[in-house]
Amino acid sequence: MRKSTMHIPGVSDTTDETRTPFPLDQWYVAALSKELTDKPLGRTLLCNKVVMFRDGQGDACALEDRCCHRALPLSSGTVEACGIRCGYHGMLYNGQGQCLEIPGQDIVPPRAKVKKYYVQEKDSIIWIWFGSDEAAEPSHSAPDYAIHSSGDYIWDGAAYYYEAPYQLIHDNLLDLSHLGYVHLQTIGGDAKTHMNAEMNVTAEADSVRVVRHMPNSTPPPTYTAAYPFSGLIDRWQEIEFHPNHLRIWTGAVDAGSEEVNDPARGGFHMRGFHGVTPETESTAHYIWTIATNPESNHEEVLKKVVAQTALTFDEDKVVIESQYANMLSFGETPFISIHVDAAPNRARRIIDRLRTTAE
Amino acid sequence: MRKSTMHIPGVSDTTDETRTPFPLDQWYVAALSKELTDKPLGRTLLCNKVVMFRDGQGDACALEDRCCHRALPLSSGTVEACGIRCGYHGMLYNGQGQCLEIPGQDIVPPRAKVKKYYVQEKDSIIWIWFGSDEAAEPSHSAPDYAIHSSGDYIWDGAAYYYEAPYQLIHDNLLDLSHLGYVHLQTIGGDAKTHMNAEMNVTAEADSVRVVRHMPNSTPPPTYTAAYPFSGLIDRWQEIEFHPNHLRIWTGAVDAGSEEVNDPARGGFHMRGFHGVTPETESTAHYIWTIATNPESNHEEVLKKVVAQTALTFDEDKVVIESQYANMLSFGETPFISIHVDAAPNRARRIIDRLRTTAE
Amino acid sequence: MRKSTMHIPGVSDTTDETRTPFPLDQWYVAALSKELTDKPLGRTLLCNKVVMFRDGQGDACALEDRCCHRALPLSSGTVEACGIRCGYHGMLYNGQGQCLEIPGQDIVPPRAKVKKYYVQEKDSIIWIWFGSDEAAEPSHSAPDYAIHSSGDYIWDGAAYYYEAPYQLIHDNLLDLSHLGYVHLQTIGGDAKTHMNAEMNVTAEADSVRVVRHMPNSTPPPTYTAAYPFSGLIDRWQEIEFHPNHLRIWTGAVDAGSEEVNDPARGGFHMRGFHGVTPETESTAHYIWTIATNPESNHEEVLKKVVAQTALTFDEDKVVIESQYANMLSFGETPFISIHVDAAPNRARRIIDRLRTTAE
Chain A
26 MRKSTMHIPG
36 VSDTTDETRT
46 PFPLDQWYVA
56 ALSKELTDKP
66 LGRTLLCNKV
76 VMFRDGQGDA
86 CALEDRCCHR
96 ALPLSSGTVE
106 ACGIRCGYHG
116 MLYNGQGQCL
126 EIPGQDIVPP
136 RAKVKKYYVQ
146 EKDSIIWIWF
156 GSDEAAEPSH
166 SAPDYAIHSS
176 GDYIWDGAAY
186 YYEAPYQLIH
196 DNLLDLSHLG
206 YVHLQTIGGD
216 AKTHMNAEMN
226 VTAEADSVRV
236 VRHMPNSTPP
246 PTYTAAYPFS
256 GLIDRWQEIE
266 FHPNHLRIWT
276 GAVDAGSEEV
286 NDPARGGFHM
296 RGFHGVTPET
306 ESTAHYIWTI
316 ATNPESNHEE
326 VLKKVVAQTA
336 LTFDEDKVVI
346 ESQYANMLSF
356 GETPFISIHV
366 DAAPNRARRI
376 IDRLRTTAE
Chain B
26 MRKSTMHIPG
36 VSDTTDETRT
46 PFPLDQWYVA
56 ALSKELTDKP
66 LGRTLLCNKV
76 VMFRDGQGDA
86 CALEDRCCHR
96 ALPLSSGTVE
106 ACGIRCGYHG
116 MLYNGQGQCL
126 EIPGQDIVPP
136 RAKVKKYYVQ
146 EKDSIIWIWF
156 GSDEAAEPSH
166 SAPDYAIHSS
176 GDYIWDGAAY
186 YYEAPYQLIH
196 DNLLDLSHLG
206 YVHLQTIGGD
216 AKTHMNAEMN
226 VTAEADSVRV
236 VRHMPNSTPP
246 PTYTAAYPFS
256 GLIDRWQEIE
266 FHPNHLRIWT
276 GAVDAGSEEV
286 NDPARGGFHM
296 RGFHGVTPET
306 ESTAHYIWTI
316 ATNPESNHEE
326 VLKKVVAQTA
336 LTFDEDKVVI
346 ESQYANMLSF
356 GETPFISIHV
366 DAAPNRARRI
376 IDRLRTTAE
Chain C
26 MRKSTMHIPG
36 VSDTTDETRT
46 PFPLDQWYVA
56 ALSKELTDKP
66 LGRTLLCNKV
76 VMFRDGQGDA
86 CALEDRCCHR
96 ALPLSSGTVE
106 ACGIRCGYHG
116 MLYNGQGQCL
126 EIPGQDIVPP
136 RAKVKKYYVQ
146 EKDSIIWIWF
156 GSDEAAEPSH
166 SAPDYAIHSS
176 GDYIWDGAAY
186 YYEAPYQLIH
196 DNLLDLSHLG
206 YVHLQTIGGD
216 AKTHMNAEMN
226 VTAEADSVRV
236 VRHMPNSTPP
246 PTYTAAYPFS
256 GLIDRWQEIE
266 FHPNHLRIWT
276 GAVDAGSEEV
286 NDPARGGFHM
296 RGFHGVTPET
306 ESTAHYIWTI
316 ATNPESNHEE
326 VLKKVVAQTA
336 LTFDEDKVVI
346 ESQYANMLSF
356 GETPFISIHV
366 DAAPNRARRI
376 IDRLRTTAE
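Residue numbers (my numbering), protein chains in the order written: chain A, 26 to 384; chain B, 26 to 384; chain C, 26 to 384.
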């Protein structure tokens with residue numbers, strides 16, 4: 026992968042040219058399964074322009090988004106039974122990137138091919154592998170996400186795009202104290218409740234876990250819209266950070282009614298999957314789903330929960346993009362950390378450690 | 026202040042790295058008083074991103090527009106009785122830039138603060154001081170502008186924004202000969218009258234004064250719309266340039282009726298205040314007011330005069346921005362000066378002399 | 026002319042600073058005659074900002090688009106009987122670029138002038154000459170294009186603009202095999218017919234000629250809309266490349282009815298003139314006309330043919346601009362040539378040979 030000399034102030038030191046800007050030996054979220062229809066999907070991931078499509082068997086494939094003839098994006102082409110056809114002169118490629126046909130020409134030279142990327146589709150998520158060693162196969166399998174497949178939840182999601190480096194999205198998701206200031210209309214509520222939540226941060230290998238409790242608190246708008254709480258609630262937020270995605274399990278039971286630490290707890294649940302994938306060093310894809318467990322009116326509650334979650338992320342996008350624009354304006358000015366930064370700062374150190382040393 | 030290596034062709038030699046791009050030991054116009062309401066106002070001034078707001082006493086304050094925690098613009102936050110609160114995690118700053126509260130944390134470390142700027146509010150104008158020595162207090166008081174406070178005039182104004190260096194606005198205001206070509210619909214009129222006006226240019230210390238007379242001339246549309254002239258007019262234009270603003274006193278009496286050089290002359294008056302404040306080396310704020318003295322229908326005439334003035338500056342904006350875009354295209358090609366450039370060229374030399382020598 | 030250090034990947038090696046980015050000793054298409062009305066026309070051609078206008082005799086003139094006083098674009102000024110007047114302070118220039126008048130000033134200094142360019146207007150096309158030696162007159166006359174003046178055809182055209190280097194437009198026009206993939210709605214049709222057309226490529230001096238035949242083929246939508254073919258058609262495409270423009274003569278007769286190689290053949294004709302003029306190294310003007318020979322309903326058929334041609338070029342614009350954006354993303358990755366590239370590659374070599382060696 027090309028190394029960049031761009032430096033994101035306050036995010037990662039990419040001026041060190043012996044390091045790559047992102048951890049490479051990871052599966053990253055490339056798309057939700059539902060995004061791959063009968064049209065090709067072009068998306069830049071970790072600075073690689075990629076075209077994704079389904080082959081004749083319905084398997085997800087990913088190639089470099091550039092016809093080897095005259096550099097047209099293959100994502101402007103058409104998907105056929107045997108692969109993808111360029112929209113300029115009709116060269117046809119299979120899912121391995123090998124050219125199968127050059128219309129009007131008998132011989133297809135072996136060098137007529139494009140790079141292919143390793144892809145795994147699991148639990149309605151399409152993962153992609155870039156890897157520090159371009160020739161090597163992935164060293165492990167893509168993550169499972171059973172929530173999508175278990176049948177215990179109904180869920181939906183979308184692919185969002187941020188004009189900001191992906192680590193600022195990590196910060197935002199690992200530090201839910203901002204809910205009281207940013208998300209007043211949806212999942213927020215009294216700011217002091219959020220800023221003073223009981224919080225426990227632990228780290229293990231490449232992951233960080235944050236557990237926050239807000240006992241006896243007022244249910245926020247999204248919660249009351251989706252679940253018949255009788256009054257105050259005991260609310261939990263469990264955040265699990267991995268270098269390529271986060272899982273956030275939030276919810277609440279009627280205050281005092283159940284043990285909120287018990288994973289078998291009842292009440293209202295929202296389980297978020299957050300695929301945070303760099304587009305470039307300064308832009309990111311945020312591919313999310315939200316799963317919930319209503320007692321009735323399933324479709325209606327799901328619509329509400331998805332709409333409220335989308336609204337929440339719209340609010341985050343405004344904050345994070347204006348934060349990043351300001352960081353660019355102010356350059357190297359250092360940050361001052363406060364109590365809420367414990368988990369984000371640990372995640373930073375993990376990402377930093379995993380940034381592959383370039384050869 | 027950061028020094029720039031950007032070079033504005035035909036404007037100022039900023040390739041000389043021992044000089045700052047603007048005179049620093051000056052008060053600059055930051056805003057009109059009416060712009061500071063109960064919301065914070067973010068504005069970049071002389072390359073500094075600034076947030077302005079009123080404290081609990083109603084006093085105008087100006088801070089660096091960057092929360093010291095995670096760099097969010099404070100201008101996206103909220104104004105409270107004690108200061109301004111960041112919209113991400115709720116850190117609260119007073120008008121001196123000191124952090125008063127970090128929600129959820131007992132101790133506020135002393136280094137939790139942002140830079141404050143010196144501000145003076147006088148005669149409905151908010152002035153700001155950057156200074157060549159960042160630690161030093163302003164060496165003198167901000168200018169008075171009695172017109173706004175005297176009660177002899179009614180006035181209004183607005184903050185305009187130009188995609189052009191501020192010295193091109195100086196040129197435009199110091200050389201009113203362009204009225205006959207650019208402002209045909211408002212304050213212009215016969216081009217030859219404007220190009221052949223009697224003109225007297227004098228300079229003293231850091232200011233330039235231009236007096237122009239157009240005796241026996243036809244009143245332009247704005248004048249006839251606002252005042253009952255009986256026929257031809259004796260028209261004057263008195264321009265006073267200062268490095269941080271200009272004052273332009275124009276008007277007319279019925280031809281032959283009064284001594285136009287007498288400051289106590291009657292007739293129709295338009296007194297312009299022109300705060301020309303660099304945003305960056307290549308962009309500028311143009312914060313203006315226009316005051317007038319109608320005999321009757323005050324509100325109606327004021328509306329007309331303000332609307333016509335705004336239209337005039339809209340016309341100037343088009344000209345100046347296209348001039349600057351062309352200067353960028355053509356690079357170093359020198360200018361050829363003509364008779365109208367006497368005053369603009371003097372102003373250029375004053376600005377050049379005042380550009381503080383950096384240490 | 027300024028030399029650029031910009032490098033267009035896959036197009037031309039402009040990193041060689043001893044070469045100019047374009048052949049200079051050529052007439053280039055600056056505009057269609059109909060574009061020069063009573064207003065000035067500003068257009069950047071080969072990196073030169075040019076203003077064009079008609080003088081009092083109706084002759085087309087071209088000057089540098091910059092007033093020598095304060096760099097305003099003259100294209101924002103007004104056309105008068107003696108020349109063009111700047112819209113800021115009224116300086117008046119004749120078609121030779123000499124300043125004739127400085128309003129309010131008696132003397133016009135001899136250095137008050139702007140550069141003029143050689144222009145020839147022939148057959149409703151305005152050609153311009155830049156030349157490797159700025160002082161020298163053009164070494165030959167601008168091309169004729171009798172089709173516009175003969176009366177045998179009716180025609181119309183337009184000036185298009187591409188965010189792509191001009192040589193990508195050459196490629197597109199010299200390789201009509203793409204019709205079956207890009208232009209399905211207009212002049213395309215079965216892809217295999219186009220990719221397998223009989224093709225003959227010859228080159229001579231600075232031109233390339235391509236002749237393609239598609240006997241017994243199905244008439245495409247534009248053809249059936251404009252001409253009463255009885256069934257299958259014998260279709261021809263004759264393309265003539267010159268470094269500054271292309272001529273494309275396409276058409277068809279009823280299958281088996283006439284000798285398609287005979288220039289006196291009947292049937293339906295579309296004769297395209299394609300002025301491909303670099304704006305910069307990465308952008309281009311595409312100034313085209315289309316002439317045709319309907320048997321009846323002249324105005325109606327012409328409208329149809331022009332509309333369909335415009336639609337075809339709209340489709341090409343999307344393809345070429347996305348191709349170029351992708352080339353910029355992927356950098357130096359080499360192209361793989363196929364059978365359709367024979368003519369485009371010859372044209373590339375001609376352009377490359379003609380790029381004047383800078384002194």
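Treat the hints as calculated values from the structure; they're not laboratory data.
Any given hint could be a false lead.
The list makes no distinction among identical chains, and a pair is therefore deemed to hold if it is satisfied within one copy or across any two copies.
[Unchecked claim] Heads up, simulated DSSO-like pairs for lysine-lysine below, C-alpha to C-alpha not over 30 Å straight-line:
hint : residue 1 : residue 2
1    : K328      : K140
2    : K329      : K138
3    : K328      : K74
4    : K342      : K64
5    : K147      : K217
6    : K329      : K141
7    : K141      : K328
8    : K74       : K329
9    : K217      : K59
10   : K342      : K74
11   : K140      : K329
Hints, verified against the model:
1. K328 x K140: neither (39 Å within a copy, 46 Å between copies)
2. K329 x K138: This pair counts as neither: shortest intra-copy Cα distance 46 Å, inter-copy 41 Å.
3. K328 x K74: neither (33 Å within a copy, 41 Å between copies)
4. K342 x K64: both (28 Å within a copy, 21 Å between copies)
5. K147 x K217: Classified as neither; 40 Å inside a copy, 39 Å across copies.
6. K329 x K141: Neither. Shortest intra-copy (39 Å) and inter-copy (44 Å) distances fail the 30 Å Cα cut-off.
7. K141 x K328: Intra 37 Å, inter 47 Å, cutoff 30 Å: neither.
8. K74 x K329: Neither. Shortest intra-copy (34 Å) and inter-copy (39 Å) distances fail the 30 Å Cα cut-off.
9. K217 x K59: neither (39 Å within a copy, 33 Å between copies)
10. K342 x K74: both (23 Å within a copy, 21 Å between copies)
11. K140 x K329: neither (42 Å within a copy, 43 Å between copies)
Hint compliance for this structure: hints 1, 2, 3, 5, 6, 7, 8, 9, 11 are broken, all remaining hints hold.
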